[in-house]
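Asker: Chain residues, written in single-letter form:
2 protein chains.
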Amino acid sequence: MAVRSRKMTDKIPEPTLRRLPWYLSNAKLMKEKGEKYVSSTQISRQINIDASQIAKDLSYVDISGRTRVGYEVDLLIQVLEDFLGFTNLHKAYLFGVGSLGGALLRDSGLSHFGLQIVGAFDINPNLVGTTVEGIPIYHTDEFEERRAKDGVKIGVLTVPINIAQDITDKMVAGGIQAVWNFTPFRIRVPETIVVQNTSLYAHLAVMFNRLNEIIKK
Amino acid sequence: MAVRSRKMTDKIPEPTLRRLPWYLSNAKLMKEKGEKYVSSTQISRQINIDASQIAKDLSYVDISGRTRVGYEVDLLIQVLEDFLGFTNLHKAYLFGVGSLGGALLRDSGLSHFGLQIVGAFDINPNLVGTTVEGIPIYHTDEFEERRAKDGVKIGVLTVPINIAQDITDKMVAGGIQAVWNFTPFRIRVPETIVVQNTSLYAHLAVMFNRLNEIIKK
Chain D
1426 MAVRSRKMTD KIPEPTLRRL PWYLSNAKLM KEKGEKYVSS TQISRQINID
1476 ASQIAKDLSY VDISGRTRVG YEVDLLIQVL EDFLGFTNLH KAYLFGVGSL
1526 GGALLRDSGL SHFGLQIVGA FDINPNLVGT TVEGIPIYHT DEFEERRAKD
1576 GVKIGVLTVP INIAQDITDK MVAGGIQAVW NFTPFRIRVP ETIVVQNTSL
1626 YAHLAVMFNR LNEIIKK
Chain Z
1426 MAVRSRKMTD KIPEPTLRRL PWYLSNAKLM KEKGEKYVSS TQISRQINID
1476 ASQIAKDLSY VDISGRTRVG YEVDLLIQVL EDFLGFTNLH KAYLFGVGSL
1526 GGALLRDSGL SHFGLQIVGA FDINPNLVGT TVEGIPIYHT DEFEERRAKD
1576 GVKIGVLTVP INIAQDITDK MVAGGIQAVW NFTPFRIRVP ETIVVQNTSL
1626 YAHLAVMFNR LNEIIKK
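Sequence order for the protein chains is D and Z.
Counting in this note's numbering, the first sequence runs from 1426 upward without gaps.
Counting in this note's numbering, the second sequence runs from 1426 upward without gaps.
These aren't lab readings, by the way, just hints derived from the structure by calculation.
One should not assume that every hint holds.
Heads up, the list lumps identical chains together, so a pair's fine if it works in one copy or across two of them.
No more than 25 Å apart at the CA atoms, straight line, and that leaves these computed lysine-lysine pairs for DSS-like [to be verified]:
hint	residue 1	residue 2
1	Lys1574	Lys1595
2	Lys1481	Lys1461
3	Lys1595	Lys1461
4	Lys1458	Lys1595
5	Lys1436	Lys1516
6	Lys1456	Lys1516
7	Lys1458	Lys1641
8	Lys1456	Lys1595
Modelling step: build the complete structure from the supplied sequences, incorporating the hints.
Answerer: Here is the structure:
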């Protein structure tokens, strides 16, 4: 190709990455309604984001719209799913098979978005050696050896807060490169390690607080 | 009281609300280690947030630190848990008992942070009339009547994207005041309705993208 597409040269901003799944789900909806094309103006009207912002976000993805008609829906879906990494499976380990950890193991939906949990680690003797939805639970001590063999790069962290940092350190020492942190604990990692914090509790706190304000009015 | 505390007059900013659970989990860890007092400087060192930011965030909460020693750990935990709404249970309904919805119903951990799912709604005849972890699943048609009786204000949205907006509209029409949206769909609600978006898929997208950048290097 003579022209280098933008995505090859620029690091895509995180807010853009977070918005792209909205456009993807909107495109899927359009497809279901039988639409062949969708414009940024149409998406804008439906999800309440500036059309120019949408066009700018989509400029990071390797797709171009046609004047007046917009983006081809099928192509937009395919390009976005590829770009977001939802079409190929990324192997992951889960650490801590408690209530939330167990729930995530049972959520087969994650694999539709590219995450395949291939093993879990815990120290509870009642859990070690068992499986959840076919996913084996190993003793935490087995992690390093297994990882070297499996080549897993992603770790899902669902341990109690008092061992969150310890387990993170073990993960990193053992070769994990990205940590999806579900604990309400702010973990410390070397700069080269990717961290995504999904704190359900922080979202609850915001929701309760805003709800109280409404009720007080 | 002669002095009105700050939290009575100002709306607490969302970034502050999102950081408070970090301080809470840090205080819990300090307590476990036998510490009686913790200063913002200590918290700062551990979780890598500016001490002045921490002090500012905590000024929204009804607690004052003592010079040199800092905040009393037990009190800090109690005040934060109260303030964040984790100590009293907020009743909620869940909409859509699919893979993620079912997983959330099984996550008893949510109740430790103040969310009690008291019922779920679906239209799947194989699910309606059954229970998950003791939580009854009703037909979606029963929602309005049940809500009027139960006084539930929070709705957890885990339906497929093609009905996300429809179900949201039903929830709002039926009296739900806060929607915890787990779908990758950007829902539209009236201004008075609280929405928290927890898109696991957006977090996955960011993680995959950043991981790819590292691997490419």
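Asker: Could you tell me which of the numbered hints above are not met by this structure, giving the numbers in increasing order?
Answerer: Of the numbered hints given earlier, those the structure breaks are 3, 6, 7, listed in rising order.
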